[in-house]
Each structure stands twice: as structure tokens, then as C-alpha cells.
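Q: The opening residue of the sequence shown carries number 1 in UniProt numbering; numbering runs sequentially from there.
Keep in mind that the hints are not guaranteed to be accurate.
Derived pair list, reagent style DSSO-like, types lysine-lysine, alpha-carbon separation capped at 27 Å [what the hints assert, rightly or not]: (1) K9 x K164; (2) K9 x K89; (3) K89 x K196; (4) K164 x K89; (5) K196 x K164; (6) K9 x K196.
Beta-carbon label-pair distances, calculated as ranges [what the hints assert, rightly or not]: (7) E23 x R109: 35 to 45 Å; (8) E20 x T194: 25 to 35 Å; (9) V47 x Y17: 21 to 31 Å; (10) R168 x D35: 20 to 30 Å; (11) M195 x S123: 32 to 42 Å; (12) T86 x G132: 14 to 24 Å; (13) T45 x Q127: 18 to 28 Å.
These are calculated hints, taken from the structure and not from any lab test.
We treat Cβ as the ideally placed atom computed from N, Cα and C, and that holds for glycine.
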Amino acid sequence: MICNFWVLKRPVTATAYETENSEVSAVQWYNYCRDVSSWKMNSLTQVLGGVGVIVHIDETVLIKRKCNRGRLQSNQQWILGIYDTTLRKGYIEAIPNRSAGVLLPIIQRLVLPGTTIHTDEWSAYRQLSNHGYIHHAVNHTEGFRNPVDGTHTNSIESLWSRLKRRIRAVNGSRNPMIYSYLDEFMYRNWFNMTMKTPMRNWEVFLQYIRERYPL
1 MICNFWVLKR PVTATAYETE NSEVSAVQWY NYCRDVSSWK MNSLTQVLGG
51 VGVIVHIDET VLIKRKCNRG RLQSNQQWIL GIYDTTLRKG YIEAIPNRSA
101 GVLLPIIQRL VLPGTTIHTD EWSAYRQLSN HGYIHHAVNH TEGFRNPVDG
151 THTNSIESLW SRLKRRIRAV NGSRNPMIYS YLDEFMYRNW FNMTMKTPMR
201 NWEVFLQYIR ERYPL
């Protein structure tokens with residue numbers, strides 16, 4: 001029952017109360033569920049994009065701590081997001097920095113050649129056209145959409161908004177399980193776990209539990 005409540009996104013305190021378990025026990029079960037979602041996302045082999053498909057790519061700071069003078073501390077955490085606008089699915093990945101040496105290998109691993117990629121004007125993306133991609137950029141200092149060709153990254157920006165709301169809800173950077181929450185967020189987005197289909201969501205997750213821990 002606790003796992004079913006996790007699928008329903010029930011707060012852990014409410015789950016503990018309704019199932020007459022301790023909050024510690026409920027947290028342990030929720031961690032177990034996130035382990036399953038992490039395993040499933042790590043086992044996916046599907047790549048994104050393709051000829052005629054638009055993929056939005058962007059990076060964001062997930063953990064943004066500031067020192068007294070407003071500068072970002074060295075322990076900030078960058079996240080790369082890659083979103084297929086046709087599949088309406090995507091991947092997010094923690095990255096050490098935003099250099100081309102970090103970003104390009106990840107993009108090449110997850111995005112098919114021939115894909116049309118929309119990004120902002122970060123310098124690391126300028127090499128995409130040399131790696132078999134059709135690259136368009138939007139200057140976000142001038143607006144959210146390129147007035148010439150309509151290029152935008154609204155899909156990935158929307159994903160960031162939802163992700164950051166979720167991270168704030170679980171105490172953000174203070175939560176030691178933050179990376180498992182990234183996998184959970186990606187799992188829920190990838191498998192379209194909306195509140196409109198609770199039974200389907202549970203049946204799908206139950207199947208993945210069986211795959212993760214076969215008898």
C-alpha cells in the first residue's frame with residue numbers, strides 16, 4: 001500500500017498516518033520506490049530525436065547557494081536537460097560543468113544525428129552543426145523566441161519549472177537524496193504518470209518492481 005501511495009505522490013507524512021506506520025518506515029519505502037524508478041531510467045536505451053524532429057536542450061543550476069556577496073559557491077550543481085518535442089519525453093543528467101567537452105558527448109549519446117536542436121546561445125552548443133545536427137539558437141536576452149525563424153526552448157524551460165517546484169517541495173539542496181528525486185521526476189515524466197490514470201500507473205510500476213527484484 002505504501003508503494004501505491006508513492007505512485008499517487010501522496011506526502012510521506014500522510015502515507016505514514018493512513019497506513020499506521022512510522023514516518024521512518026514510510027520514508028524507507030519511498031526510498032525503495034525511488035530506487036526502482038532510478039533503475040528503470042538507467043536501463044532505458046531509447047534515444048531521442050531523428051530527422052525532422054525538434055529537440056530542446058538547456059542547462060540549469062539545480063542547487064544555487066550564494067555567499068555573502070551574491071556569488072555562486074563552488075558546490076553549485078548543473079543539470080543538463082534534453083527534451084524531444086515529438087515524444088514529449090526527455091532526459092535530465094547532473095553534469096560537472098557546462099563545457100563543450102562535457103555537453104557534446106552526452107548529446108551524442110542521447111540524440112540521433114540529423115535531429116534539429118534548439119538551444120540558447122551558450123558557446124558550447126556552437127559545435128553541434130559539426131556533429132551531424134541541425135542547430136538553431138535563441139538569444140534569451142532578447143526574448144523567448146527567435147523572431148527570424150521561431151526557434152525557442154519553451155518545452156525544456158517548462159520542464160525546469162516543474163522540476164524546481166518538486167525539488168523545493170523536498171527541501172531542495174538540503175536533501176541528501178536529491179539525485180534520486182531527479183530520477184523519480186524523470187520517471188514520472190517519461191511514463192506519463194498523471195493523476196488521471198492511477199490504476200495504470202500502479203500496474204506499470206508493479207511490473208517494474210518485478211523486473212527489478214525477480215523472484
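Q: Each of the hints needs a verdict: does it hold here or not?
A: Evaluated hints:
1. In summary, the hint linking K9 to K164 is supported, as the alpha carbons are separated by about 16 Å, within the 27 Å threshold.
2. For the suggested pair K9 and K89, the alpha carbons sit about 20 Å apart, so the restraint of at most 27 Å is met.
3. A threshold of 27 Å between alpha carbons decides the hint, and for K89 with K196 the separation of about 18 Å falls inside it, so the pair holds.
4. A hinted pair counts as satisfied when its Cα atoms are at most 27 Å apart, and K164 with K89 qualifies at roughly 17 Å.
5. The suggested pairing of K196 with K164 holds, with an alpha-carbon distance near 23 Å, which does not exceed 27 Å.
6. In summary, the hint linking K9 to K196 is supported, as the alpha carbons are separated by about 13 Å, within the 27 Å threshold.
7. Here the CB-CB span from E23 to R109 is close to 39 Å, well matched to the stated 35 to 45 Å.
8. In this structure, E20 and T194 meet the distance hint of 25 to 35 Å, their C-beta atoms being roughly 29 Å apart.
9. For V47 and Y17, the hinted distance range of 21 to 31 Å is not satisfied, since their beta carbons lie about 43 Å from each other.
10. With their beta carbons about 23 Å apart, R168 and D35 fall inside the hinted range of 20 to 30 Å.
11. Roughly 41 Å separates the CB atoms of M195 and S123, a value that falls within the hinted 32 to 42 Å.
12. Between T86 and G132 the CB atoms are about 18 Å apart, so this pair conforms to the stated range of 14 to 24 Å.
13. The hinted window of 18 to 28 Å between T45 and Q127 holds, with their beta carbons roughly 25 Å apart.
Hint violations for this structure: number 9 only, all remaining hints satisfied.
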